[in-house]
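Novice: As numbered in my numbering, residues 25 to 117 make up the sequence shown, in order.
Honestly, the hints are just simulated from the structure, not real lab data. Predicted model, so just to flag it, every value in this text is computed and none were measured. Heads up, some of the hints might be wrong.
Beta-carbon label-pair distances, calculated as ranges [what the hints assert, rightly or not]:
| hint | residue 1 | residue 2 | range |
| --- | --- | --- | --- |
| 1 | Ala85 | Thr28 | 51 to 57 Å |
| 2 | Ser114 | Ile80 | 46 to 52 Å |
| 3 | Val101 | Ala79 | 27 to 33 Å |
| 4 | Thr75 | Val109 | 40 to 46 Å |
| 5 | Leu108 | Ile80 | 35 to 41 Å |
Note that the Cβ used here is the ideal one computed from N, Cα and C, for glycine as well.
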Amino acid sequence: MQLTALDVLLSWGTWVGGAHADDRFLRSGKAARPVLPRSSGSSEADAGMTTAEYAIGTIAAAAFAAVLYGVLTGSSVVDALTSLVERAISVDL
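Could you build the full structure based on these sequences and the hints that come with them?
Specialist: Okay, here's the thing in structure tokens:
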């Protein structure tokens with residue numbers, strides 16, 4: 025099978041379904057259609073959304089850290105860890 029320059033140019037540098045188009049072309053015997061980049065669909069009105077999302081994520085992470093700190097410094101966790109360490113120290117080898 026003869027590859028034409030147009031076939032190589034159309035398939036060069038494009039990725040289709042995780043396989044490089046040149047490899048797909050050689051396996052199937054047909055030229056892969058080049059994949060064109062799509063518009064993200066965002067507009068100027070969405071320009072501040074990423075900042076707001078980061079702020080909400082940061083607040084959620086801080087709240088989770090506060091809850092985790094409260095649980096880990098509670099008396100039940102401290103007692104359990106103390107008991108575990110005391111048992112580990114008292115084990116005869």
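Novice: Please go over all the hints and tell whether each is borne out by the structure.
Specialist: Here is what the structure says about each hint:
Separated by about 55 Å at the C-beta atoms, Ala85 and Thr28 satisfy the suggested range of 51 to 57 Å. Here the CB-CB span from Ser114 to Ile80 is close to 48 Å, well matched to the stated 46 to 52 Å. Between Val101 and Ala79 the CB atoms are about 31 Å apart, so this pair conforms to the stated range of 27 to 33 Å. Look at Thr75 against Val109: about 45 Å separates their beta carbons, and that is inside 40 to 46 Å.
Between Leu108 and Ile80 the C-beta distance comes to about 37 Å, which sits within the given range of 35 to 41 Å.
Of the hints listed earlier, there is not a single one the structure fails to meet.
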